[in-house]
Amino acid sequence: MDQFLFDVNPNPILIYEKGTLQILSANKSFQKKYEYSRDELTSLTIEDIRLADRKEELYKALENNNREPKSVHHQSKNGESFYVNLSSHDFNYEDKEARMVFIHDVTDRVIAENRAKSAFDELNHHVKESPLAMIKWDADFKVIKWSQRSREIMGYTEEQVIGKTPLFFRYKDAEDRAVVEQKIEEIKSAKTDKVVFNTRMLNNEGEVIYLRVHGSALRDEEGELVSVLTFMENITEVMKTKHKYQRLFENANDGFLLLSGEEFIECNKEILNIYGCSTKEEVLGKSLEQFSPDRQPDNQKSKVQARNKVNEALAGHPQVFEWQHQKKDGSLVSTEVSLNKMELGGEKYVQAIVRDLTEQKKAKEKIRRHEEMFHKLFLNAPSAMVMVDSENRVKMTNQSFEKLFGFKEEELLGRDIDAIIVPEGDSEVPRFPGKRFVEGRFFEDVIRYTKGGEAKDILLAAIPVILDGEPIAGFGIYIDMTERKENERKLQQSVKEKQVLLEEIHHRVKNNLAIISGFLQLQAFEIEDTKTKEVLSDSQLRIQSIAIVHEMLYQSDDFADISFETYVKRLIKTVEQTLPLDYQHIDIEISAPDVALDINQAIPCAILINELVTNAYKHAFKGRKTGKIWISLEQNADLINLEVRDDGVGLPDDFNISDQNSIGMNLIQTLTQQLDGNLSVDSKDGSSFKVCFQKTNRNEEHQLAEIAEEE
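Residue numbers (full-length UniProt numbering): 1 to 711.
Be aware that one or more of the hints could be misleading.
Estimated spans, in silico, between C-beta atoms of each pair [as the list claims (entries may be wrong)]:
1. Glu454 to Ser334: 48 to 56 Å
2. Glu159 to Glu207: 16 to 24 Å
3. Asn666 to Lys628: 49 to 57 Å
4. Ser189 to Glu237: 30 to 38 Å
5. Ile367 to Glu207: 49 to 57 Å
6. Gly163 to Ser189: 16 to 24 Å
7. Thr358 to Ala381: 29 to 37 Å
Simulated from the structure, these hints should not be mistaken for lab results.
As the structure is a computational prediction, the values presented were derived from the model and not from experiment.
Every residue gets a Cβ at the ideal spot worked out from N, C-alpha and C, and that includes glycine.
Let's have the full structure, built from the sequences with the hints guiding it.
The following block contains the structure:
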């Protein structure tokens with residue numbers, strides 16, 4: 001190359017030795033671009049003008065016979081970096097094997113290319129990572145691009161869908177398919193270049209997915225369709241949530257309204273119930289004042305108040321107020337209304353929550369009446385009553401409390417009731433809110449003092465009020481038992497005196513009977529006639545059977561009942577001692593467990609047993625030296641069964657007790673009638689007499705004493 005052309009070339013040119021890479025020469029454009037003088041250049045190699053980390057690229061660019069331009073990264077003496085294209089060829093320079101390198105600055109182009117590449121990579125990244133599925137269609141609506149997100153949402157690979165139209169895919173129903181066909185036709189016919197719609201499709205696994213589709217068309221200069229780009233958003237979860245909240249909205253216990261201005265544009269089922277309407281069409285398009293009476297209970301015009309409330313809500317001031325609505329049939333209903341501003345799609349709305357207060361007001365009125373009734377009952381109760389808090393401090397007393405103890409309510413409010421009326425040292429009654437107190441109500445006989453210091457016998461009933469497992473209050477009911485206690489003491493004294501008197505009476509009766517029995521025995525000693533002696537002996541036994549009853553009564557703590565097992569044993573012992581020795585070889589077995597009779601039945605039953613036993617002694621064992629008598633007295637509920645039987649000779653075949661005229665047999669029948677019983681006789685294997693009678697209650701005197709004790 002001519003030296004002149006070499007020097008004036010506007011692009012940098014350098015010559016370097018192939019073996020050493022030593023720069024042999026460079027033109028003025030190179031010196032200016034790289035900021036080296038001619039002398040400095042001759043001490044450099046071509047590696048010195050290349051970035052240190054890019055030397056491999058330099059060697060490739062300077063390969064032998066490489067005349068194709070290669071882009072590399074160079075730097076000037078002052079560190080400025082720039083991109084250049086290199087082209088080189090062999091060149092003989094002063095008899096040295098060298099290469100001539102032509103350098104073109106391509107920094108602006110490389111920067112632009114890098115920016116374009118970066119933007120393209122960024123776009124690809126966003127498309128790949130976008131939550132939206134991207135699908136590109138040709139003019140015939142066949143898939144030509146299918147993003148990774150499309151595969152994830154729809155479940156189809158790119159190979160499965162390339163060349164397929166939207167009708168290849170499956171839809172939830174014919175309506176969804178028809179929407180897609182309509183949007184395709186709108187784009188094909190150039191009616192629009194942009195579409196946005198929702199549809200439901202089935203993915204490759206057959207699951208329903210909800211999609212929001214955004215489509216845009218690209219047309220050429222003649223307006224012909226070139227391609228269509230669609231982005232699909234998977235809104236399945238959003239729609240499920242929407243449907244869930246739609247159901248909540250529709251089935252909420254409160255009424256929901258959406259107002260645009262003063263007009264209803266949406267409502268739920270409860271609003272229909274509150275307004276007495278059947279369909280939403282009867283509500284939507286109307287206003288609050290149309291479902292309100294002319295005036296509210298405060299006599300304010302409904303129209304004016306409704307407008308003010310809505311305007312305040314639109315201004316950002318939430319409104320909560322009671323409102324009287326008018327149903328479709330004209331009846332009135334009390335409600336609580338809450339108004340709040342909402343913004344949807346840039347538009348302002350008012351959300352109204354309407355709660356029917358009918359049942360609530362009824363409940364409040366019921367509570368108010370119950371409270372009033374309780375208050376009146378408490379204040380006018382005939383018994384003294386006090387209400388205390390959880391610290392046993394008085395909250396309220398009634399008139400009877402003041403009458404009983406002499407304290408006015410204002411004297412006691414806030415004070416511990418036990419510190420005022422309980423005697424010192426009284427620890428018997430549990431204090432509120434002690435464990436025993438809160439476990440349930442209790443009743444105690446206690447002593448309490450009046451304001452004047454008078455001691456009163458009191459029946460105290462304490463009743464805790466438990467809320468959520470914790471005592472919050474308690475009631476004390478004080479019943480004055482002073483007079484009753486005094487009457488009880490008098491009655492107990494009277495009963496004690498009567499017990500002493502009854503004991504003395506039974507003792508004297510027994511003694512008198514013993515005297516009579518003694519007279520009969522003395523009389524028998526003076527008479528020689530055997531029959532007369534026997535009659536006197538029988539009479540003596542009868543008297544002794546009665547005497548034993550009275551003896552047992554005055555020796556007993558209970559004057560009402562006599563244990564008959566003990567009585568029969570004593571009676572038999574007396575019989576054995578009274579009868580002649582000839583009768584004492586007879587064995588007697590007694591069974592009368594847990595049988596007790598009062599005096600009205602004990603005496604006839606005693607005489608009856610005496611008659612039956614003595615009769616068996618005298619007549620059952622004639623001609624025999626031994627024998628046995630069984631005496632059985634059993635109680636089944638209130639029925640008493642008495643049986644006296646023997647293993648003796650028995651009774652004659654034609655025996656009929658009604659035909660017997662003896663004193664003994666007549667006495668047996670009479671005593672049975674006195675007991676209101678039934679008598680039966682059996683002569684099989686000896687003789688058997690059975691008497692069955694109903695046990696009577698205790699005598700009247702004892703009943704009265706029991707009633708007095710219970711009271």
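Structure-based check of all given hints:
1. Glu454 to Ser334: 48 to 56 Å: holds (55 Å)
2. Glu159 to Glu207: 16 to 24 Å: holds (21 Å)
3. Asn666 to Lys628: 49 to 57 Å: About 27 Å separates the Cβ atoms of Asn666 and Lys628, which means 49 to 57 Å is violated.
4. Ser189 to Glu237: 30 to 38 Å: With a Cβ separation near 35 Å, Ser189 and Glu237 satisfy 30 to 38 Å, so the hint holds.
5. Ile367 to Glu207: 49 to 57 Å: holds (54 Å)
6. Gly163 to Ser189: 16 to 24 Å: This hint holds: roughly 23 Å between Cβ atoms.
7. Thr358 to Ala381: 29 to 37 Å: Check passed, 34 Å falls within 29 to 37 Å.
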